[in-house]
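**Q** Listed below, chain by chain, are the residues.
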Amino acid sequence: MCDSQNTITTLARLENVGKRYGNVTALNGLNLSVNTGEILALLGPNGAGKTTAVSLLLNLIEADSGKVSLFDQDPQELSARQRIGVMLQSAELPETLRVSELIELTQSYYPLPRDLKELAEMAAITDLLKRPYGKLSGGQQRRVQFAMAICAKVEILFLDEPTVGLDIEAREAMWVSLRKLVAEGCSIVLTTHYLEEAEALANRVIVIAQGSVIAEGSVESIRSRVAMRRIRCVSSLNITDIKQWPNIDSVGYDGEYLTIQTMDVESVTRRLLSEDHALQQLEIKRAGLAEAFVELTKEQA
Amino acid sequence: MNTASTISKYSPFNVYATEAKLEFIRMLRMPMFALPALVFPAMFYTLFGVLMGSGKTEMSTYMLATYSIFGVMGPGLFGFGVSVAMEKDRGWLKWRRAVPALPGAYFVSKMVMALIFAFIIFVELALLAGTLGGVHLAATQWLLLLVISLLSSLPFCAMGLVIGTLVNGQAAPAVVNFIYLPMAFLSGLWLPISMLPKFLGKIAPIWPSYHASQIALKVIGNDLGVPLWQHIAYLAAFTLVMLWLAVTFWSRMKLK
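Going line by line, the protein sequences match chains H and G. Take 0 as the starting number for the first sequence in numbering that gives the first Met the number 0 and just add one per residue. Take 0 as the starting number for the second sequence in numbering that gives the first Met the number 0 and just add one per residue.
For the record, the hints were derived by calculation from the structure and aren't laboratory data. Each hint should be verified, as a subset may be incorrect.
[What the hints assert, rightly or not] As a list, the in silico EDC-like pairs of lysine to aspartate or glutamate whose alpha-carbon atoms are at most 20 Å apart:
(1) Lys255/G / Glu37/H
(2) Lys179/H / Glu37/H
(3) Lys253/G / Glu61/H
(4) Lys255/G / Glu160/H
[Claimed, not checked] Computed footprint of chain H on chain G, listed as stretches where at least three residues anywhere in the stretch have a Cβ under 8 Å from a Cβ of chain H:
(5) 145-156
(6) 198-209
C-beta atoms are modelled at their ideal positions from N, C-alpha and C, and glycine is treated no differently.
Sequences and hints are given; from them, build the entire structure.
**A** Quick look at the structure:
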């Protein structure tokens with residue numbers, strides 16, 4: 000409808016939020032915003048504060064300090080929550096209700112419910128509609144929970160580990176639906192521990208550790224914060240010699256391949272090629288999000 | 000975003016109606032709840048009110064009043080006590096807080112569910128009484144008994160809610176049974192108060208079910224003669240105290 004190129008609006012916001020559980024500081028002056036039309040992935044080790052951050056926006060807990068707003072309203076306001084869809088990690092739903100009844104119930108809460116047929120196709124639950132929820136497998140239940148999250152036209156979708164328990168095919172089908180939703184104009188907040196999921200979907204990543212944001216940006220920029228790169232080749236050079244070279248992080252063997260991690264990939268490669276003329280199958284890879292994530296959270300600790 | 004494609008039919012009334020309908024369906028499909036609720040009162044009434052007192056219409060009439068109260072207590076106590084306890088433990092209440100569910104609809108839907116069950120239970124007992132029991136009552140008496148039975152389920156909804164907020168899901172069925180069955184016996188719902196040991200008969204007025212059954216027994220002229228307003232005052236006060244406790248515990252409740 001509108002030109003999304005230059006109209007970035009913040010839909011939800013945590014400003015300098017603090018939250019303690021007894022003596023444990025869960026969030027320590029956390030800042031976070033959710034913008035229009037983006038897929039925002041929240042990453043962080045267990046206990047870092049991801050779930051706490053999301054719980055604040057979902058009206059599940061209250062902040063001790065700072066400001067929490069959802070569409071410039073308090074998340075307690077019904078009218079704010081009518082603009083979000085929610086998939087929690089561990090909700091057990093009434094087992095004796097049929098899938099269609101659970102969807103009917105959820106849809107009754109929203110002003111703009113989706114067409115049931117369209118919804119069932121998007122969540123791949125068309126064949127499950129008549130079945131009692133309690134009789135479904137874990138993966139099927141997860142798809143139903145996803146359907147309930149997208150049962151209405153909403154502006155932000157909160158998904159907590161949405162693809163846990165799904166097989167690869169179902170996971171990829173959900174990714175397709177998520178991309179479709181974003182194209183419709185919906186924003187998505189994704190907490191996940193599958194880094195490849197964040198890598199495949201997210202426009203923006205926020206890494207949380209020990210209650211505050213330690214890195215924020217595109218997948219690209221997060222990856223580039225970690226300068227480490229990996230060289231792989233078949234070479235007869237001696238490992239212990241290579242270890243003495245400058246800027247070598249680690250050296251090892253992966254099967255017949257020699258692997259080297261280094262910050263200075265150019266110099267190391269030049270030296271490798273000059274010292275071993277028989278070197279073969281040279282490969283240089285940048286750190287993936289997973290490696291970047293490990294590095295970032297290691298720095299923090 | 001594009002929102003023009005669906006015409007909104009949102010109304011709070013529709014939310015309440017959908018919740019109530021699905022709460023009833025959900026509980027009806029749960030054998031652990033529906034079977035005892037719908038079968039036990041009718042079975043006990045048939046055994047103790049009809050077969051044991053065979054031919055004694057007076058006995059069958061008396062027991063109709065007391066077993067009606069026994070019957071309608073169940074859906075309130077279990078429908079709130081057990082399901083609130085389980086739903087707070089299993090994430091359903093948490094989910095409801097995150098989505099735009101109406102908080103009031105949660106309680107109203109359970110209350111409507113309990114009332115529908117209470118209605119069915121009363122109809123079962125009335126049919127058994129009118130046929131096998133040979134009970135003859137005026138139309139107004141039947142109607143009064145029905146109204147009293149339905150209203151009597153409400154204090155037990157409130158009591159169930161208190162239990163549900165306090166105990167965990169696994170303990171809830173045992174806790175409710177431990178309160179429900181002794182209280183029914185001690186209030187003279189299974190056997191008339193006159194047949195209970197003297198001491199137990201004396202303390203019967205501490206139980207809410209005693210007062211409900213005395214009101215029901217007034218309809219057939221078989222109560223102990225305590226003025227009606229005293230029973231009503233007790234039940235109103237009991238319900239208010241339960242609601243106050245429920246509100247207090249509810250706000251402290253930890254959702255999982």
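**Q** For each hint, tell me whether it holds in the structure or not.
**A** Tested hints:
1. Lys255/G / Glu37/H: Between lysine 255/G and glutamate 37/H the Cα gap is close to 30 Å, so the pair fails against 20 Å, i.e. violated.
2. Lys179/H / Glu37/H: With Cα atoms ~12 Å apart, lysine 179/H and glutamate 37/H stay inside 20 Å; holds.
3. Lys253/G / Glu61/H: 13 Å, holds
4. Lys255/G / Glu160/H: Holds. Lysine 255/G to glutamate 160/H sits at ~17 Å (cutoff 20 Å).
5. 145-156: violated (count 0)
6. 198-209: violated (count 0)
Of the numbered hints given earlier, the model fails hints 1, 5 and 6; all others are met.
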